[in-house]
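Enquirer: Residues per chain, in single letters:
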Amino acid sequence: MANCRTYWHNGRTGTTGITGLTKNMEEISFSSQLLQYAITGVTIGSIYAMVAIGFNIIYNVTEAINFAQGEFVMLGGLVMVFLRVAVNIPVIFSLPLTIMLVTMVGILLDRLAIKPLSKPSVLAMVIATIGASFFIRGAAMMLWGKNPFDLPPFSGRNPISFLGAVVQPQGLWVVGFLLVVVVVLTLFFDRTILGKALRACAVNPSASSLVGINVKHMVLVSFALSAAIGALGGIVITPISLMEYDRGAMLAVKGFSACVLGGIGSFPGAVTGGLLIGLIESLGAGLVSSGYKDVFALLLLLFVLFVRPSGLLGNAEVSKIRKF
Amino acid sequence: MAKNRSAVHLTIFGGCLFLFPLLARWISFLEHYVDVMVFVGIYSLVAVGLCLLMGYAGQISLGHASFFGLGAYVSGIITAKYGVNPWFCILLGMVVSGGVAFIIGAPSLRLRGHYLAMATLAFCIIITIIFNESIAFTGGPDGLAFIPGISIMGYALDSVVKYYFFVWSVVLMVLLLCLNIIQSRVGRALRSIHGSELAASAVGVNVAKYKIYVFVLSAVVASVAGSLYAHYLNFINPASFDLFVSIKLLIMIILGGIYSLWGAILGAVLITFLSYEWLHYFGEAEVMVYGAIVLIIVIFLPGGVVSIPEKVRSLCRGSKLKVEG
Amino acid sequence: MKANRSVGKGAVCLLAAVVLATFILIPVVQVSAAEAYKVGAVFSVTGRASFLGDPEKKTAVMLQEEINKKGGINGHPLELVIYDDEGDSTKCALAVRKLISRDKVCAIIGPSLSGLSLAVLPEAEKHKIPLVSCAASYKIVTKNPETGEQWKWVFKTPQSDSMAAEAIYTHMKKHGISKIAILSVTTGFGASGRSELLRLAPQFGMTIVADEKYGPKDTDMTAQLTKIKGLAPQAIVNWSIGPTQVVVVRNWKELAMTNATLYQSHGFGSRKNIELAAGAAEGVYCPLGACNIAEVLPAAHLQKKVTMEYLKAYKAKYNEAVSSFGGHAWDALALVTKALGAVGSDKAKIRDYLENLKGFVGQHGVFNFSPKDHNGLTKEAFQMVVVKNGDWALTD
Chain A
0 MANCRTYWHN
10 GRTGTTGITG
20 LTKNMEEISF
30 SSQLLQYAIT
40 GVTIGSIYAM
50 VAIGFNIIYN
60 VTEAINFAQG
70 EFVMLGGLVM
80 VFLRVAVNIP
90 VIFSLPLTIM
100 LVTMVGILLD
110 RLAIKPLSKP
120 SVLAMVIATI
130 GASFFIRGAA
140 MMLWGKNPFD
150 LPPFSGRNPI
160 SFLGAVVQPQ
170 GLWVVGFLLV
180 VVVVLTLFFD
190 RTILGKALRA
200 CAVNPSASSL
210 VGINVKHMVL
220 VSFALSAAIG
230 ALGGIVITPI
240 SLMEYDRGAM
250 LAVKGFSACV
260 LGGIGSFPGA
270 VTGGLLIGLI
280 ESLGAGLVSS
290 GYKDVFALLL
300 LLFVLFVRPS
310 GLLGNAEVSK
320 IRKF
Chain B
0 MAKNRSAVHL
10 TIFGGCLFLF
20 PLLARWISFL
30 EHYVDVMVFV
40 GIYSLVAVGL
50 CLLMGYAGQI
60 SLGHASFFGL
70 GAYVSGIITA
80 KYGVNPWFCI
90 LLGMVVSGGV
100 AFIIGAPSLR
110 LRGHYLAMAT
120 LAFCIIITII
130 FNESIAFTGG
140 PDGLAFIPGI
150 SIMGYALDSV
160 VKYYFFVWSV
170 VLMVLLLCLN
180 IIQSRVGRAL
190 RSIHGSELAA
200 SAVGVNVAKY
210 KIYVFVLSAV
220 VASVAGSLYA
230 HYLNFINPAS
240 FDLFVSIKLL
250 IMIILGGIYS
260 LWGAILGAVL
270 ITFLSYEWLH
280 YFGEAEVMVY
290 GAIVLIIVIF
300 LPGGVVSIPE
310 KVRSLCRGSK
320 LKVEG
Chain Z
0 MKANRSVGKG
10 AVCLLAAVVL
20 ATFILIPVVQ
30 VSAAEAYKVG
40 AVFSVTGRAS
50 FLGDPEKKTA
60 VMLQEEINKK
70 GGINGHPLEL
80 VIYDDEGDST
90 KCALAVRKLI
100 SRDKVCAIIG
110 PSLSGLSLAV
120 LPEAEKHKIP
130 LVSCAASYKI
140 VTKNPETGEQ
150 WKWVFKTPQS
160 DSMAAEAIYT
170 HMKKHGISKI
180 AILSVTTGFG
190 ASGRSELLRL
200 APQFGMTIVA
210 DEKYGPKDTD
220 MTAQLTKIKG
230 LAPQAIVNWS
240 IGPTQVVVVR
250 NWKELAMTNA
260 TLYQSHGFGS
270 RKNIELAAGA
280 AEGVYCPLGA
290 CNIAEVLPAA
300 HLQKKVTMEY
310 LKAYKAKYNE
320 AVSSFGGHAW
330 DALALVTKAL
340 GAVGSDKAKI
350 RDYLENLKGF
360 VGQHGVFNFS
370 PKDHNGLTKE
380 AFQMVVVKNG
390 DWALTD
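Top to bottom, those sequences are chains A, B and Z. Just so we're aligned, residue 0 is where the first sequence starts under numbering that gives the first Met the number 0, counting upward by one. Just so we're aligned, residue 0 is where the second sequence starts under numbering that gives the first Met the number 0, counting upward by one. Just so we're aligned, residue 0 is where the third sequence starts under numbering that gives the first Met the number 0, counting upward by one.
Heads up, a few of these hints could be off.
Simulated coverage check for chain B against chain A, where a stretch passes if three residues somewhere in it have a Cβ under 8 Å from a Cβ of chain A [unchecked claim]: (1) 120 to 126; (2) 150 to 160; (3) 245 to 252; (4) 294 to 304.
Hint data in this document are derived by calculation from the structure and do not stem from the laboratory. The beta-carbon is built from N, C-alpha and C at its ideal position, and this holds for glycine as well.
Next up, chain A with everything else stripped away, as it sits in the complex (with noise of 0.2 Å):
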């Protein structure tokens, strides 16, 4: 870790000493600021969407959201650290490594916890989950510690400056990598038999069962693509926030909000919900009030569901035929 000081580069360092105290900072317009609030919210944004993401894959098969998807973010940030930094890995085979052991935990999570639901309906697939993202939290807890991990950023400290305003290198390989979802997601649904699998079971379950679909065999997949998808976001945000044991029922919490603003089981409506929330945050912290930040955008998202019952892009006609 002691290297780790070599990733600043800009030389301030110097300034800061008691001569630098009575020192002013250097102005920072009006444009800019609003420039660096959108940057910020778009990078904390993106890491929301993807979650939202996790959610809709599942939700699209089984109808139940996945309220362990936060403890998936969790582990592959945790996984990352301890293969990256403690049996030092480089990035390039960490990364998939990381992505596969977590994806194994999804899979286990439906072996153990939703396959052997007697009647799954969806409140007893919520509370399995529920009871199995305290199980991941806890066991996590025993084997790091309660403790904040970091993890090097995968291309230096440096920040990019740009109009005023800064960008964290790691923010750009967050937005890259949530792109990088979209379209291999966008690829996987439209060209491939599982994925048409998957979407066709999201229209009608027991229709594809008739067509040879084995629905249960379905569930397995979309659990193990949103565990994928949920590591790849805890692996590219560690560096940027630190990763501890319990930071996973946050983030599920906003991944829910930014999957039901955009509309439940809609793809580029988590992406949407995801960076308007983040955006709304970000904003809403700058501008109006930080204590109050995560108001605004609740209470954006009641808006929506007042006036548009199904979210902003979700399929009304879907939300009314499932039930809880």
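Mind docking chains B and Z on chain A? Use the hints.
Expert: Relative to chain A, chains B and Z alone:
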């Protein structure tokens, strides 16, 4: 017949509750459990109201911790800061929670399933932030301390056992009220809504009205529980009423058995004792064990703890049939 | 009739289950020497405030082992009953009542959080049992803020937040800073520090241009800092704990705001935080107790010996850096142990002894208790420290 049966149940239940503190006087180990049972009673109240809403009317709510909290904060702030009579504050809390439930419920209850869950969840988070941020009134995250206790006509409820009897009499009254509601026209209307809203409205049930009615009722009950909590613990903080408490309440009624008010009480007993007492023996593995227990019950007892006698009976009957066949 | 029978059967089953559960769950009765001194402890070992309770529990266990290895207190072994309140007020109250009624301890240390300490102190007063809190707020010991009257049975070991705020403001004043911004986390820790900063600002002639907040699990504080940057304060005070205080340091560096000096609260007092900030913490100031900076203290310092011993033992046992909070538990348990050694296990005598104890050298300062002061520390218990070359350095 059904009414008689629930009367019998209530009598037995009340009798056991009455005997428990007496038993605890003899067995010193149980003494502390009376203290825990007070909290069980308080959570039972919220759970019974929530069960009426979820199990009977089929509407999910992740916001009931907030109504619980509204009751607690109205009672706590007004008695601690202005010295008003606690009884008046309990009533005021009921009015405030009922009013808020009405305002929130009217637009929210048009939503279904996960959308309703999200709307109530958002409400819960917003209320927690308000509790945290309005420091001048609520004391902020550090909480509000030194809330006075409660007394009945000059008789102070200043010991654990006295408060135990007080809380559980309130629970029995609310339980009686809810059991009556279930067996009345309203109860049938609620069940029809749970079955199918479309069919219910086709046979002339005013769906929107009944949904609001039961939502407000459960919020008012939660508020009473909140006031009782504040006057017993003499301290409240936002963490006692946040989203995780809402989720805990949800777990209570589902593990207890969502289609029965008795299930709600069993769930409150189970979860409260687990989290406040029994899981302590597992040390730091507590959270893990808790998760495992939740999973095991959902998997092996889909009808909740309340379905155990029925399950045992059907197992016995099943084996008898086999022998005869 | 049939229904009645099944109800009866159900009741029998239930009773059997309760009896069985009771027997299974009766804790293993510890067979120890009859004259063991029993001390209770309530810490937030897990849950939202585990960063406080975890080192506190570890420290208390370590200290207990050390004492018993040396043959206990005047030959009496020390028995420590630790409960985890998970930062939950209900659980905390139940734990304290259980310590009093079931475990029959002669003194209690903890809780970790100020709010929870306020919640349980009436119990200590009611049952006349000494409680040595490990939480910071001055309200815990002050019964009446106007007269300064103290609660009879309650003590606390951490420095008050007002002392940390005063130390920071004094340092600022000395260096000509008067225009500042405040950042705080929306937990009890942050809110308490924030209110002290706001309260004391006029006394020190500080103008607060921004008062920003963030949640304990937030991912990024760039938005709050950007707003502060626009207001160009001379310094920023950040009052938080856990991962967010590290993220603030990093964001502050990324936004090139190092010309506005960053002051952290004493919550920053762990080397782990400097490491996590990955170099960004250079030039960050914070007020710390002797316990955090044992290595850089001059050899003649009164607390050098105790703090070095604690630091080495803790590192050897748990392989992690000490934090401020473990030190508070050390002080609390060491005080109770000293009282037990002097006057035995009589609760009233322990209380009286603690109230008049002077010159006790602890991890966070030299304690001088009096009937008017149940904390026993002065603002000298805080030392302004700056992060230099990845380590603490003393500063004036």
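Enquirer: Look at each hint and say if it fits the structure.
Expert: To see whether the hints hold, each was checked on the structure:
1. Coverage of the region 120 to 126 of chain B by chain A holds [criterion: at least 3 residues with CB-CB distance below 8 Å; count 5].
2. For the region 150 to 160 of chain B, the stated coverage by chain A is not satisfied: 0 residues place a CB nearer than 8 Å to a CB of that chain, which falls below the threshold of 3.
3. Counting residues of the region 245 to 252 of chain B whose CB lies closer than 8 Å to any CB of chain A gives 3, so the stated coverage by that chain holds, three being the minimum.
4. Counting residues of the region 294 to 304 of chain B whose CB falls under 8 Å from any CB of chain A gives 4; the rule of at least 3 is met.
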